[in-house]
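Q: Line by line, the protein sequences give chains A, B and C. One point on numbering: in numbering that gives the first Met the number 0, the residue at position 307 of the first sequence is 306, and numbering is uninterrupted. One point on numbering: in numbering that gives the first Met the number 0, the residue at position 171 of the second sequence is 170, and numbering is uninterrupted. One point on numbering: in numbering that gives the first Met the number 0, the residue at position 68 of the third sequence is 67, and numbering is uninterrupted.
Among the hints, a few may not be true.
Under the rule of at most 27 Å between Cα atoms (straight-line distance), these lysine-lysine pairs were calculated in the DSS-like manner [stated by the list, open to error]: (1) C/Lys-113 to C/Lys-174; (2) C/Lys-113 to C/Lys-193; (3) A/Lys-497 to A/Lys-189; (4) B/Lys-131 to A/Lys-348; (5) A/Lys-120 to B/Lys-18; (6) A/Lys-5 to A/Lys-189.
For the record, the hints were derived by calculation from the structure and aren't laboratory data.
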Amino acid sequence: MNQNNKEVVLEAQGLTKRFPGVLANDNINLVLHKGEILALLGENGAGKSTLMNMLYGLYHPTEGEIWIKGEHVILEDPSDAIARGVGMVHQHFQLVPVMTVAENVILGDEITRGGGVLNLKEAANKVWELSHQYGLDVDPTAMVEDLPVGTQQRVEIIKALYRDADILILDEPTAVLTPQEAEDLFRIMKDFTARGSSIIFITHKLKEVLAIADTIGVLHRGRMVGTVTPEESTQASLAEMMVGREVILTVEKDPPHPKDVVLRIENLQVKDDRGHLAVKGVDLEVRAGEIVGVAGVQGNGQRELVEALTGLRPVESGSFSISGQDSTHLKPRKITEMGVAHIPEDREKHGLVMAYSVADNMVLNNYYVEPFATRIIMHEDKIDEQAERLVEEFDVRTPSVHTPARNLSGGNKQKVIVAREFSRPITLLIAAQPTRGIDVGSIEFIHNQIVEQRDAGAAVLVVSAELDEIMSLSDYVAVMFDGRVVDVLPRKDATREKLGLLMAGSEIEV
Amino acid sequence: MATTTVVQEQNSGMSSRTKWLIAGGGIFIAALALNLYFFGATGTTAVFAATLRQSTPLILGAMCGLIGERSGVINIGIEGQMLMAAFLAFLANVYIGRVLPLGLTLPIAVLIGVATGALLGLFLAWMSVTLKMDQIIGGTVINTLALGLTSYFYVTGLTTQGKLQTIPLGPLADIPFVGPILFNNPPITYLTIILVFVLQFALFRTVWGLRTRSIGEHPSAADTVGINVNRMRYLNVTLAGAFAGLAGAYLTLEAVGSFERGMTNGRGFIALAVMIFGRWTPIGAWGAALLFAFFTAFATQTQFTGLVSIPPQFVGMSPYVLTIVFLALFGGRARGPAAAGQVYDPE
Amino acid sequence: MTEEIQIDQEGGGILNRILRGAAVPVLSVFLALLIGAFIIWLSGSNPIEAYVALFKGAFGSSEAVERTLEKATPLIFGGLAVAFAFKAGLFNIGGQGQLLIGAIVAAYIGFAVKGLPFIIHMPLALLAGSLAGAAYGAIAGFLKAYTGAHEVITTIMLNFVAINLTDYLSNGPWKDEGILARTPKILETAAIPKWGFLPAGFLIACLMAFLTWYLLYRTTWGYAIRTTGLNANAALYAGIQVAQIIVLTMAFSGFLAGMGGAIETLGVVGRYQPGFNVGLGFDGITIALLAKTNPLGTIPAAILIGAMQAGSSQMQFDAGVRFQIIDIIQGLILFFVSADVIVRKILPAQLVDEEQVTLSTGWGS
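So here's chain A without its partners, still in its complex pose (with noise of 0.2 Å):
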């Protein structure tokens, strides 16, 4: 906003951090000015992380100097930090969820009647001011656990502004945000900086540098490559400083072909882990060769539905068919058998066994069937020849089919599961968010693979909070939110504005 106003509240030269085996940041130097937004963009994996993390005292840095509001520092561990005013709302939230908002927001800085015994009272006034004055608008006394994901993050900042923090770290504050959402909250971010405090904002989306930075630090591979103002910049050349090379940030493909309804859905319901309607009555149809992206802000019960459909969690009622076939109550081996694939939400979780190798994990949905076993006995053999053959086949970044998963960088191992999942024939395609926190390269890939399973005659489904991923792959786009598809809009109708509207629940005239 206001660089005239020049004063360095905050200072880095020459920051590295090293752990075993990777070079996290290299010789970084950083400066932030009083009242000033500053972007860190760059990929994931790029180290933005660390370099914030070592800005609030979590790590240590290997070499280089720190100095905040002209004062040199060592930071030894987040309070120092925030004894000097740095503040830290983390990309994912460390809020205790048992405890109210109050409890979490006061905590290691409790409020108290004396003796060590808390003043819960004082510290729910407390949170009740600061949540006026900034237009945050908490309850102190809620359940974390029970509070939507945008209002934990105002949570978070509230945690920062208790402490009195006028150097604001955000980690990839827009995640979890609509775009509406993510509206207000730059406008939270202006006022802020326009009280005199400052913004470091740590993203890779584009869009959001260009629309709120004052000024933008791109690193890449641990390396800051560049210091640049919006205005001589666009997102084109961002994205080349991000990547190294020159980014196609579209997929090319041909229009689609679309034949029989492979997946119908009919009015299905599904609670969620808490017992409530997370799926609250989902009427969908996807054909053979077309690709249905479903956006939405996580959290309006995407990640039940996609359950639902793979047989992972229970119906409460309603139905969906697979190639005509009502498939409501079956169990995933079957579904996995009538030719749907899957590529999960949580590759860790659900979609790769990290102690398992790469040899093994491609085998996780066919172990027991011809040629990898026979009966019982399992055919070592053949398993490692499929694996060369995926490995080789998908571009996977290996030293051998024999190393464990967890070795592998994020982008490799989603193409561990994608591999896996493009092995065999398939029908339907179901695929929730599946460039996620995976690199550039890896992204372009598997968006040419799924293209390529859609001209192959497959019906796919992409579930995805990356409005640009739900936009550049499909040809209809369906909006959830609250638990319903709201509307579903031909590709070419589908512009960012209707979307963000739908995905925040407004109706659009049409």
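With chain A fixed as given, assemble chains B and C onto it according to the hints.
A: Positioned in the frame of chain A, the structure of chains B and C alone reads:
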């Protein structure tokens, strides 16, 4: 502007607490009626008194377990801690008792028991936090070593001067029926009840309690606000060990008066079930322990009065079968502290 | 959940791999013996004398070797039971209870069923004991799978129940004539033979170790079990019926422990009597960890611990050291094997492989 307004559900803690109170009250009345019918007044007094006393080591064990687990450390070595503490408290009673009067010996022996438990707690903390050993194995090491060491060094024929006697609380102890049960108990039994309320308050209304719960539920959240997770775990697990040590002291100095190999007899494990059933709260554990001890006392009384002829082994089995039944019906789906059992590695 | 890292060690064949895998356990045993020696010295005896006597009692004569192998047999089964359950992410501490049940049921079939030839009677008794153990183990499995009751507590409780139950049976309905609380001697046709110093039971144990290994690493069942243990979520995704796996794993684990008990009855003692092999549950954990949860490793581990148990009476006789020192040493071995951080600091880097075993993630299912 699409700000989300948050509408809160009434925090259901209160109403579920009343539910538990009503259930507890109902069980109590049923138990009372049953006892009076079968055993008459004196028998009932005996059963209820035994219930209170026998629940003591279980409550203490459960509190040991829950302090640890709330901090994120699973402790299945409570049995070993109790046993070792009992042994050393016993030895203290024997040898110090030869030199000092009983009035001094016994308190010292209690302190030695408590200190032993705490020391073993420190050992567990070291294994879990610094050595990053699997916590169940760490507990097993303590159990194995305790059993081995106490059996190896135990010699028969040692005698003590005496044990902790009941302390009647003045005129309260003379109230018919209630008096002998509630107001005429030995010191550790009284202390335990006090500790239940102290710990309950501490856990939910103090700074220590808030931080303890945070490191067991979401250690990185605690870390990011500057709490030293691993140091707190060390302190808490050592403190928890003191509770187990007190239980051991109870067994040898208040209950039995001597020592036998393996005298803890699984109480340390039953205490874990009590902890789970009590939902990791001291008051809940108290209720669960009383219920448990009641059933055991009832079964023993049944056999004692020859009411039903059950082979003694089945009576002996009953605490263990009960634990299984309790766990199966009530404990299974309980959600413990989310980070219990996991090593916290900040960097 | 169990976690193990299988890294393909480059360089060096089988021998090299065995050496590297054995380094930590061997050093752990050594350290434990060292501390044991210290304790022996503290209580006034001569550690050298003690350990020499221990060795003599374990290997010094053909009777000694026989005794060692006899002791090792139930330990192999105990270790297999624990290791097998570990693979599915389960903690079976109920080996002792399952062994007792297996032992007494085998004894019953051994004395009560008359008129069968050896070739039917012995396997029948063996199988009956094993299946009884399996059923007993399945109880804990069933409870875990369908109520979430954690198997650490339920199996320990079931141990106590088994002690009481077998006590009742050997004092009551299955009691021998005379005063002693025990079952009658089994018939000749049910007994497991010995060939010189080699008890056939030991060979059966080795066979079962191999079978268990094969089951875990070469069959689809084993794949399903290991997947469940490493990542239950991925197992669901893979279509594995996790609840069934839990029950079947505990059942097979109990089967192994039960077989250990049956062999003890049919091959060594000849009847069921109280005082039967206490502590197998926790012994089993030591064996399983010494073996790095590899079924084949339970054989050398069991011979080691069995040797100590066999030689302990000689040690008590010759050097006056009470046999409970063995329990202490075992506890120390368990400690050092699991706290391998300590041991690794002592070892040179080339000798250390990457394996580490972690098991606990809370009480929830």
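Q: If a hint holds in the structure, say so; if it doesn't, say that too.
A: Now the hints, each set against the structure:
1. C/Lys-113 to C/Lys-174: holds (17 Å)
2. C/Lys-113 to C/Lys-193: Cα-Cα ~22 Å, so holds.
3. A/Lys-497 to A/Lys-189: The hint holds at about 25 Å.
4. B/Lys-131 to A/Lys-348: Distance of about 23 Å is within 27 Å: holds.
5. A/Lys-120 to B/Lys-18: Holds. A/Lys-120 to B/Lys-18 sits at ~26 Å (cutoff 27 Å).
6. A/Lys-5 to A/Lys-189: holds (17 Å)
In this structure, none of the earlier numbered hints is contradicted; all agree with it.
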